[in-house]
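Asker: Here's the letter readout for the chains.
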Amino acid sequence: MNFNEIQELIKLVNKSNLTEFKLKDKDFEVLIRTEKYYKGGHQTFVSTPQMMSASQQYPSPSPVVMNPAFKKPEETSDSTSAEAPKGKNLVEIKSPIVGTFYRSSGPDKPAFTKVGEQVKQGDVVCIIEAMKLFNEIESDITGTIVKVLVEDASPVEYDQVLFLVEV
Amino acid sequence: MFNKILIANRGEIALRIIRTCKEMGIKTVAIYSKADTESLHVRFADEAVCIGPAASSESYLNIPRIMAAVEITNSDAVHPGYGFLAENANFAEICRQSGVKFIGPTPEMINKMGDKVTAKETMIKAGVPVVPGSDGLLKDIKQGIKIANQIGYPVILKATAGGGGKGMRIVTKDEDFEDAWDSARKEAKASFANDGIYVEKYVEEPRHIEFQIIGDQHGNVIHLSERDCSIQRRHQKLVEESPSPFMTPELREKMGDAAVKAGKSINYEGVGTIEFLVDKFRNFYFMEMNTRIQVEHPVTEEVIDHDLIKEQIKVAAGVQISGKNYYPMLHAMECRINAEDIFNNFRPSPGKITSFHSPKGHGVRVDTHVYAGYSVPPFYDSMIAKLICRAQTREECIKKMQRALDEFVIEGIKTTVPFHKALMKNEAFRSGDFNTGFMNTFNIDDCIE
Chain A
1 MNFNEIQELI KLVNKSNLTE FKLKDKDFEV LIRTEKYYKG GHQTFVSTPQ MMSASQQYPS
61 PSPVVMNPAF KKPEETSDST SAEAPKGKNL VEIKSPIVGT FYRSSGPDKP AFTKVGEQVK
121 QGDVVCIIEA MKLFNEIESD ITGTIVKVLV EDASPVEYDQ VLFLVEV
Chain B
168 MFNKILIANR GEIALRIIRT CKEMGIKTVA IYSKADTESL HVRFADEAVC IGPAASSESY
228 LNIPRIMAAV EITNSDAVHP GYGFLAENAN FAEICRQSGV KFIGPTPEMI NKMGDKVTAK
288 ETMIKAGVPV VPGSDGLLKD IKQGIKIANQ IGYPVILKAT AGGGGKGMRI VTKDEDFEDA
348 WDSARKEAKA SFANDGIYVE KYVEEPRHIE FQIIGDQHGN VIHLSERDCS IQRRHQKLVE
408 ESPSPFMTPE LREKMGDAAV KAGKSINYEG VGTIEFLVDK FRNFYFMEMN TRIQVEHPVT
468 EEVIDHDLIK EQIKVAAGVQ ISGKNYYPML HAMECRINAE DIFNNFRPSP GKITSFHSPK
528 GHGVRVDTHV YAGYSVPPFY DSMIAKLICR AQTREECIKK MQRALDEFVI EGIKTTVPFH
588 KALMKNEAFR SGDFNTGFMN TFNIDDCIE
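Protein sequence lines correspond, in order, to chains A and B.
Take the first sequence: its position 101, counted from the start at 1, is 101 in the working numbering, and no numbers get skipped.
Take the second sequence: its position 84, counted from the start at 1, is 251 in the working numbering, and no numbers get skipped.
If you are wondering where the hints come from, they were derived from the structure by calculation, not from laboratory data.
Treat each hint with caution, since some may be false.
[What the hints assert, rightly or not] Covered, in the sense of this in silico footprint (three residues per stretch, anywhere, with C-beta under 8 Å from a C-beta of chain A), are these stretches of chain B:
id	segment
1	229-237
2	458-469
[What the hints assert, rightly or not] Pairwise CB distance ranges (calculated):
id	chain 1	residue 1	chain 2	residue 2	range
3	A	ASN135	B	VAL486	36 to 42 Å
4	A	ASN135	B	GLY490	47 to 53 Å
5	A	ASN135	B	GLU342	36 to 42 Å
6	A	GLU136	B	MET168	36 to 42 Å
7	B	PRO231	A	LYS11	35 to 41 Å
8	A	PHE28	B	THR204	35 to 41 Å
[Said to hold, decoys possible] Chain B residues, not near chain A, derived (Cβ > 10 Å throughout):
id	residue
9	ASN170
10	LYS201
11	SER265
12	GLY303
13	ILE308
14	HIS402
15	SER516
16	SER525
17	THR535
18	GLY540
19	ARG561
20	ILE611
All figures in this text were calculated on a predicted structure; none of them were measured in a lab.
Built from N, CA and C at the ideal position, the CB exists for glycine as well.
Produce the complete structure using the sequences and hints provided.
Answerer: As structure tokens, then:
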């Protein structure tokens, strides 16, 4: 494997949800462990890609990493929309505030919306809680929910993409 | 000691705080607006939370958004930096009620010193010399003229809620009083939503000499000597230095004592600065107190060789201070590098920095959040870097600053580097013989682009 291939491999692993990746080829072996590996078992929000700062440290030993390429916030949202089905007219519903995202109004209540369901402009799609205040977030578009990008009870920041809607 | 500190600020000071936290093993959370997505403080922090759009009111000044970020990151302390919410008693109170340590004074201390009239009353009670003036806010023009004649013209009308030079008018005779009164009140109301005005003797061509103090939670207050900040344009500091070329050991003792007295009178906790006006006879008068870390803190750091942000965090965590004062061991100077066009009235010059090379070498320090390729946003203040030099003597310090300014390359935007180069050549500046009126006599044409 040459240097460029290793660099590409590291980028791929980091973009994925893998915590550890091992490759063996004749007399060459590479082991890549992401930060998630080391933080496994801790609070969810610490490992949520969107919450981490752009300065994700590639853990040592990875002497090949020359750009501890600061994962830019834009890169993260790019990769999430890249996973969505292509060729459709997709609109993002983004968080207008900072807080904790909830799919429903209570632990035993049904989710406001699910993948495949229709949503009308003005419908409540989720709750974002901040400082004990539960804010109902309404959709500003009409369409079908194609993807839910945030896990229930995880923290979200301003402008974080919550749902992808096909209009 | 704190586990995790959220820095409620941006730019170079956010980076400054993050650096010290890293050295102390404290985790850091950066908050940022959409306009600051590419900012260094976001990249250097352990975690980062986008809290809103570019407008300060929706981001760095927005208390609910900031507190939400504190909550979801489980931060146990907030560092407010300078500017923004650093001296907002309401924010300090909300932090207190939320069980999060505000790294700074209590809301009560902020209130006591934030209101200029109250601050002055507190100082009079503490036996700290103040500029003679009205006992509180002026009721009307008649009272103002009476007091002006008592203390003697010229006088200056000042807004009690003021800052940054707004709501101030100089009056030289009775006939001008009414116009100045109306104009000052109007400006104060527009800038601070408070048209309260008081009057003071206008100390002519004074020097602005401030003392750094620090107080702990156990009643101890000490000072770390002075900074001379007389080089100002429209009440905005351009250059600061320590020690002051006008200082004598006797004056330092007297002013230092007064500064410590001022801090002790309110049982001050945290870092703070007592600003004094000093006239040509070396009489000094309390002007105001800043209850936060200041932009020019590196000047003091370089001459006493201590990390002020670290000390600030330590006292916030309850650590006791030594109780002794600190005196300058070297000479240091800071030039504030702003993204401004000096040939067009210093108007802001935001935009993309295409090339950036900061000076280095012995005795040269640059505190900055910018880099080549960074776009200076138009939404915030224009300061992009602080160039701090230190040397054994003032003369060597100036030479070093000249050498450093010559090395400083910032392309793509206009900066105040040419101004500082010309300043370092200026005879009055070099001789140390200047006061706050200096910029009125400085010729911009002396600057070479």
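Asker: Determine for every hint whether it applies to the structure shown.
Answerer: Outcome of the hint check:
Counting residues of the segment 229-237 of chain B whose beta carbon lies closer than 8 Å to any beta carbon of chain A gives 5, which reaches the threshold of three, so the coverage claim holds. With a cut-off of 8 Å between beta carbons, the segment 458-469 of chain B has 0 residues touching chain A; three or more are needed, and the interface restraint is violated. Taken as a hint, the range 36 to 42 Å holds for the pair A/ASN135 and B/VAL486, whose Cβ atoms sit roughly 39 Å apart. Checking the proposed 47 to 53 Å range against A/ASN135 and B/GLY490 shows it holds: the Cβ atoms sit about 49 Å from each other.
Checked against the hint of 36 to 42 Å, the C-beta distance between A/ASN135 and B/GLU342 comes to roughly 58 Å, which is inconsistent with it. As the Cβ distance of A/GLU136 to B/MET168 is approximately 40 Å, the hint placing it in 36 to 42 Å holds. Judged by the Cβ atoms, the range 35 to 41 Å given for B/PRO231 and A/LYS11 holds: they are separated by roughly 37 Å. The beta-carbon spacing between A/PHE28 and B/THR204, approximately 38 Å, falls within the hinted interval of 35 to 41 Å.
Annotated as non-interface, B/ASN170 keeps its C-beta farther than 10 Å from every C-beta of chain A; the closest such distance is 13 Å. Annotated as non-interface, B/LYS201 brings its C-beta within 10 Å of a C-beta of chain A; the closest such distance is 6 Å. With a minimum CB-CB distance of about 8 Å to chain A, B/SER265 fails to clear the 10 Å threshold, and the non-interface call is violated. With a closest Cβ-Cβ approach of about 38 Å to chain A, B/GLY303 is found to remain outside the 10 Å limit, as its non-interface label requires.
The claim that B/ILE308 lies off the interface holds: its Cβ sits roughly 47 Å from the closest Cβ of chain A, which is beyond the 10 Å cut-off. Every CB of chain A lies more than 10 Å from the CB of B/HIS402, the least distance being 34 Å, so the non-interface label holds. The claim that B/SER516 lies off the interface holds: its Cβ sits roughly 25 Å from the closest Cβ of chain A, which is beyond the 10 Å cut-off. A cut-off of 10 Å between C-beta atoms confirms that B/SER525 is not in contact with chain A; the least separation is 19 Å.
With a least CB separation of 17 Å from chain A, B/THR535 remains clear of the 10 Å interface cut-off, as annotated. Its beta-carbon lying about 12 Å from the closest one in chain A, B/GLY540 satisfies the requirement of being farther than 10 Å from that chain. Distance check on B/ARG561: its Cβ is at least 39 Å (rounded) from any Cβ of chain A, clearing the 10 Å threshold; non-interface status holds. Consistency note on B/ILE611: stated as away from chain A, and its beta-carbon is indeed over 10 Å from all of that chain's, at 39 Å minimum.
Hint check: violations occur at hints 2, 5, 10, 11; the rest are consistent with the structure.
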